[in-house]
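Undergrad: Sequence:
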Amino acid sequence: MGRDQRVQDNWALLHAAELAEAHSLPLSVVFCLPPPAAGSPSTGPGSTLREYGFMLKGLREVSTELAALRVPFCLLHGGSPPELLSQFCAQHEVAVVVADYSPLREPRGWKEALIAARPATPVLEVDAHNVVPVWVASDKREVGARTIRKKITEKLPQWLVDIPALPPRAAADPQPPAGLAAAAAAMDWVALEAGLQLDRAVAEVDWCKPGAAAALAAVDAFCDERLKLFADKRNDPNIAACSDLSPYLHFGQLSAQRMALCVKQHAKARSDSVASFLEESIVRRELSDNFCHYEPAYDSLDGAAGWARESLELHASDKREHVYSLEQLEGAQTHEDLWNAAQRQLAARGKMHGFMRMYWAKKILEWTASPAEALRIGLYLNDKYSIDGRDPNGYVGVGWSVMGVHDMGWAERAVFGKIRYMNYNGCKRKFDVKQYVAEWSGKKAAAGSTSAGAKSASAGRAKAGGKAMKQTTLGGGSTAAADDEPRAKAPPPKKPKLAIPI
1 MGRDQRVQDN
11 WALLHAAELA
21 EAHSLPLSVV
31 FCLPPPAAGS
41 PSTGPGSTLR
51 EYGFMLKGLR
61 EVSTELAALR
71 VPFCLLHGGS
81 PPELLSQFCA
91 QHEVAVVVAD
101 YSPLREPRGW
111 KEALIAARPA
121 TPVLEVDAHN
131 VVPVWVASDK
141 REVGARTIRK
151 KITEKLPQWL
161 VDIPALPPRA
171 AADPQPPAGL
181 AAAAAAMDWV
191 ALEAGLQLDR
201 AVAEVDWCKP
211 GAAAALAAVD
221 AFCDERLKLF
231 ADKRNDPNIA
241 ACSDLSPYLH
251 FGQLSAQRMA
261 LCVKQHAKAR
271 SDSVASFLEE
281 SIVRRELSDN
291 FCHYEPAYDS
301 LDGAAGWARE
311 SLELHASDKR
321 EHVYSLEQLE
331 GAQTHEDLWN
341 AAQRQLAARG
351 KMHGFMRMYW
361 AKKILEWTAS
371 PAEALRIGLY
381 LNDKYSIDGR
391 DPNGYVGVGW
401 SVMGVHDMGW
411 AERAVFGKIR
421 YMNYNGCKRK
431 FDVKQYVAEW
441 SGKKAAAGST
451 SAGAKSASAG
461 RAKAGGKAMK
471 QTTLGGGSTA
481 AADDEPRAKA
491 PPPKKPKLAI
501 PI
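Each residue of the sequence shown is one higher than the one before, counting from 1 in full-length UniProt numbering.
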């Protein structure tokens with residue numbers, strides 16, 4: 001278990017359970033806690049209490065829920081994830097590893113290191129995060145929403161289906177070593193969090209309760225209270241029309257597929273809002289995974305389209321009216337009240353309204369020494385303060401504003417080149433700027449806000465009860481399945497001991 005930190009609605013865990021059942025293997029869930037990053041202005045922010053506190057509280061719920069299903073949860077920490085997992089595999093003679101999917105550089109590197117360390121152990125990868133698995137949706141980096149939309153929407157009848165429940169393990173099923181369950185029960189979660197080297201100045205948020213149960217309750221609240229406003233009001237930062245579900249999606253405490261199914265139930269009464277929400281939560285969100293999956297330089301100017309990179313290079317030395325440092329921007333110390341309010345919202349609440357993040361990042365491009373500096377600072381601040389930072393949506397969101405990711409060229413101007421421009425007066429035409437600035441100034445900003453603002457197998461999951469689309473084994477032998485074959489299974493290993501999703 002890695003990116004998708006939940007028990008139910010988790011295709012990776014369901015596939016691991018299928019393998020365990022088919023090959024008479026015990027089943028355990030392992031989570032390797034990444035060592036907190038130290039951080040620096042050049043390499044990115046350090047890990048924060050906001051980030052790790054939310055994650056650990058959700059994982060504690062995972063452990064409790066798994067125990068009720070007779071599945072031990074093993075949280076490994078104190079080293080690099082591939083080393084910890086390799087040692088665990090050796091100690092417990094693991095038969096097969098089922099990994100959830102992430103397009104980001106670090107978790108992909110962990111899987112590669114695990115495969116190199118244990119070449120005889122099959123490692124299967126399941127996209128439990130997207131409705132349509134990223135490699136099924138497209139086999140290339142897409143230009144934008146207009147090129148991926150049809151590819152995804154035409155597949156939704158097959159992929160946007162209900163998800164079976166993870167059944168409890170029977171007492172007669174093969175059992176993992178007794179020590180695993182005992183260790184899970186004895187885990188001191190409070191001491192674990194207290195012992196981590198975190199930036200505790202970036203405090204936990206109080207408007208968003210961690211965990212899968214809270215996530216599902218938040219989906220219900222959105223559908224009941226704010227979905228009706230989504231189509232027309234979602235771009236007004238003064239109106240609570242957005243879902244505020246991104247923290248749960250980022251940590252995998254909520255399945256995007258389950259969320260979409262819940263929202264679809266309101267299509268008859270809220271057709272426009274449901275259509276708008278599914279466009280944002282499926283097409284646009286999965287476009288971000290597509291970009292990070294197929295573009296290795298997703299967090300640098302090297303990842304920009306050719307037209308954008310050339311235009312930014314041409315205007316990199318243009319004179320800027322204002323030039324601010326990272327420290328000035330982080331402290332909301334610019335000449336503009338609207339930008340300062342957006343930065344205060346991000347720092348205090350851990351989430352900035354989506355429209356304001358576009359404006360916020362574009363002003364960083366306008367007010368820093370170079371496009372490369374703008375991208376670095378935008379990602380640094382987003383990853384440090386946003387509860388859903390270090391995420392494909394964040395990389396693409398800042399990249400759209402700074403280097404034109406998934407956008408097109410616009411009228412050329414100083415500093416921006418052909419990158420789309422946004423300004424203060426444009427915001428004034430869209431919403432009440434004075435109200436927003438007042439909301440995120442003074443005591444309110446300092447205190448933060450509690451208001452709203454059966455698939456299968458590794459690399460290609462198939463519809464429940466349907467056919468396998470594709471399967472890829474990352475390491476440890478061949479389990480490739482062709483199109484139109486039944487649900488794919490890993491072959492019985494020579495020493496079947498333990499199947500784990502990581």
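Hints listed in this document are in silico derivations from the structure and should not be mistaken for laboratory results. None of these values were measured; they are calculated from a predicted model. Here a beta-carbon is modelled for each residue, glycine too, at the ideal position from N, C-alpha and C. Honestly, I wouldn't trust all of these hints.
[To be verified] With beta-carbon atoms standing in for the labels, derived distance ranges:
#1 Ala145 x Arg413: 41 to 49 Å
#2 Leu76 x Ala170: 50 to 58 Å
#3 Arg413 x Gly306: 13 to 21 Å
#4 Glu313 x His77: 42 to 50 Å
#5 Arg429 x His335: 17 to 25 Å
#6 Ala145 x Gly306: 18 to 26 Å
#7 Ser80 x Asp206: 45 to 53 Å
#8 Arg413 x Ala116: 28 to 36 Å
#9 Pro41 x His322: 18 to 26 Å
Undergrad: Could you check the hint for me, namely that Glu313 and His77 are 42 to 50 Å apart, CB to CB?
TA: Check passed, 43 Å falls within 42 to 50 Å.
Undergrad: At the C-beta level, are Pro41 and His322 separated by a distance inside 18 to 26 Å?
TA: holds (20 Å)
Undergrad: Is the hinted range of 28 to 36 Å satisfied by the C-beta distance from Arg413 to Ala116?
TA: violated (49 Å)
Undergrad: Range first: 45 to 53 Å. Now tell me if the beta carbons of Ser80 and Asp206 are that far apart.
TA: violated (33 Å)
Undergrad: Between Ala145 and Gly306, is the Cβ distance one that fits in 18 to 26 Å?
TA: For Ala145 and Gly306 the Cβ distance comes to about 19 Å; the hint holds.
Undergrad: Could you check the hint for me, namely that Arg429 and His335 are 17 to 25 Å apart, CB to CB?
TA: holds (21 Å)
Undergrad: Is it true that the C-beta distance of Leu76 to Ala170 lies inside 50 to 58 Å, as the hint says?
TA: Since Leu76 and Ala170 have Cβ atoms about 27 Å apart, the given range 50 to 58 Å is violated.
Undergrad: May I ask you to test the hint 41 to 49 Å on the CB atoms belonging to Ala145 and Arg413?
TA: violated (24 Å)
Undergrad: CB of Arg413 to CB of Gly306, is that within 13 to 21 Å?
TA: Hint holds: Cβ distance 19 Å, inside 13 to 21 Å.
The earlier numbered hints that this structure contradicts are 1, 2, 7 and 8.
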